[in-house]
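Visitor: We have chain A; now place chain B onto it with these hints.
Protein chains in written order, with numbering that gives the first Met the number 0: chain A, 0 to 115; chain B, 0 to 115.
One or more hints might be untrue.
The list treats identical chains as interchangeable, and a pair is accepted whether it falls inside one copy or across any two copies.
BS3-like mimics (lysine-lysine), calculated; alpha carbons at most 30 Å apart, straight line [claimed, not checked]: (1) Lys2 x Lys54; (2) Lys114 x Lys18; (3) Lys71 x Lys107; (4) Lys2 x Lys114; (5) Lys71 x Lys18; (6) Lys82 x Lys71; (7) Lys66 x Lys54; (8) Lys112 x Lys66; (9) Lys100 x Lys112; (10) Lys100 x Lys114; (11) Lys82 x Lys100; (12) Lys114 x Lys71.
Calculated from the structure, these hints are not laboratory results.
Protein chains: 2
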Amino acid sequence: MEKNIEVSLLFDFYGELLKPSGRQAVNLYYNEDLSLSEIADQTGITRQGVRDSIKRCEQQLFDFEEKLGLFKRFRELENGLEKISATAQEILDCSTDNNIKRLADEIKRTAGKLKE
Amino acid sequence: MEKNIEVSLLFDFYGELLKPSGRQAVNLYYNEDLSLSEIADQTGITRQGVRDSIKRCEQQLFDFEEKLGLFKRFRELENGLEKISATAQEILDCSTDNNIKRLADEIKRTAGKLKE
Numbered sequence: 000m001e002k003n004i005e006v007s008l009l010f011d012f013y014g015e016l017l018k019p020s021g022r023q024a025v026n027l028y029y030n031e032d033l034s035l036s037e038i039a040d041q042t043g044i045t046r047q048g049v050r051d052s053i054k055r056c057e058q059q060l061f062d063f064e065e066k067l068g069l070f071k072r073f074r075e076l077e078n079g080l081e082k083i084s085a086t087a088q089e090i091l092d093c094s095t096d097n098n099i100k101r102l103a104d105e106i107k108r109t110a111g112k113l114k115e
Numbered sequence: 000m001e002k003n004i005e006v007s008l009l010f011d012f013y014g015e016l017l018k019p020s021g022r023q024a025v026n027l028y029y030n031e032d033l034s035l036s037e038i039a040d041q042t043g044i045t046r047q048g049v050r051d052s053i054k055r056c057e058q059q060l061f062d063f064e065e066k067l068g069l070f071k072r073f074r075e076l077e078n079g080l081e082k083i084s085a086t087a088q089e090i091l092d093c094s095t096d097n098n099i100k101r102l103a104d105e106i107k108r109t110a111g112k113l114k115e
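Excised from the complex, chain A in its bound form (with noise of 0.2 Å):
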């Protein structure tokens, strides 16, 4: 079973919607890196009873992104936020006004207090 860096991003948005047990599954695999092995031992489930888990969770995971779109519309509110900040940046380099200068500063600060 093939780790898959979307889930594990999906995971984050997301993952407070999915039952405790996949919950707990999921994060063991993709955030702590165990194996299915060591998750079976740690869980006394069946190996294969927490490869079902993970991969009924990562569907759900999917699904809800499906669903809502609300990761891809946050990365694009980044990507945004970056793109601002860089345009903010080149107003700081130049300008001499001190007050425009303030005022690109403010809008880089906005920006990246709002990307955290």
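Guide: Just chain B now, kept in the frame of chain A:
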């Protein structure tokens, strides 16, 4: 049963996660502004059944937000983008440098597009 403006906002955000029957009832009640009796007539469910279904969905919507907090996060992003737009407008108003005006306009347009 009072209509709650927050439910309506959360419904736009997380509505797709509700079961189709509940989603339909909430939509008719909040977006189409039908009464419980009208929804009962239209769907063939008892008035009490409609009421219970809507109550259950409202609770689910609040639970989604409590778990994920994405609605709150989006609102913060929108407010921040509003602030960025206003600051970019200040730069446009007080600068006479065409290059700086072009950059400030670019920030304003990017922020506006992200808010859509």
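Visitor: Each hint should be assessed against the structure and marked as holding or not.
Guide: Hint by hint, here is what the structure shows:
1. In this assembly of identical chains, Lys2 and Lys54 lie within 30 Å of each other by CA distance solely inside one copy; the values are 11 Å within and 39 Å between copies.
2. Only within a single protomer do Lys114 and Lys18 lie at most 30 Å apart by alpha-carbon distance; the minimum there is 29 Å, versus 33 Å between protomers.
3. When the C-alpha separation of Lys71 and Lys107 is checked against a cutoff of 30 Å, the pair qualifies both within a copy, at 23 Å, and between copies, at 22 Å.
4. In this assembly of identical chains, Lys2 and Lys114 lie within 30 Å of each other by CA distance solely inside one copy; the values are 27 Å within and 34 Å between copies.
5. Within a single copy, Lys71 and Lys18 get their C-alpha atoms as close as 23 Å, and across copies as close as 23 Å, so both meet the 30 Å cut-off.
6. In the homo-oligomer, the alpha carbons of Lys82 and Lys71 lie at most 30 Å apart both inside one protomer (17 Å) and across protomers (23 Å), since each shortest distance falls under that limit.
7. In this assembly of identical chains, the alpha carbons of Lys66 and Lys54 lie at most 30 Å apart whether taken from the same copy (18 Å) or from different copies (22 Å).
8. In this assembly of identical chains, the alpha carbons of Lys112 and Lys66 lie at most 30 Å apart whether taken from the same copy (28 Å) or from different copies (22 Å).
9. Taking the shortest alpha-carbon separations for Lys100 and Lys112, both the intra-copy value of 18 Å and the inter-copy value of 24 Å come in at or below 30 Å.
10. Taking identical chains as interchangeable, the C-alpha atoms of Lys100 and Lys114 lie at most 30 Å apart whether they share a chain (21 Å) or sit on different chains (25 Å).
11. Taking the closest pair of Cα atoms, Lys82 and Lys100 come within 30 Å of each other both inside a single copy (18 Å) and across two copies (16 Å).
12. For a Cα distance limit of 30 Å, the shortest separation of Lys114 from Lys71 qualifies both inside one copy, at 14 Å, and across copies, at 14 Å.
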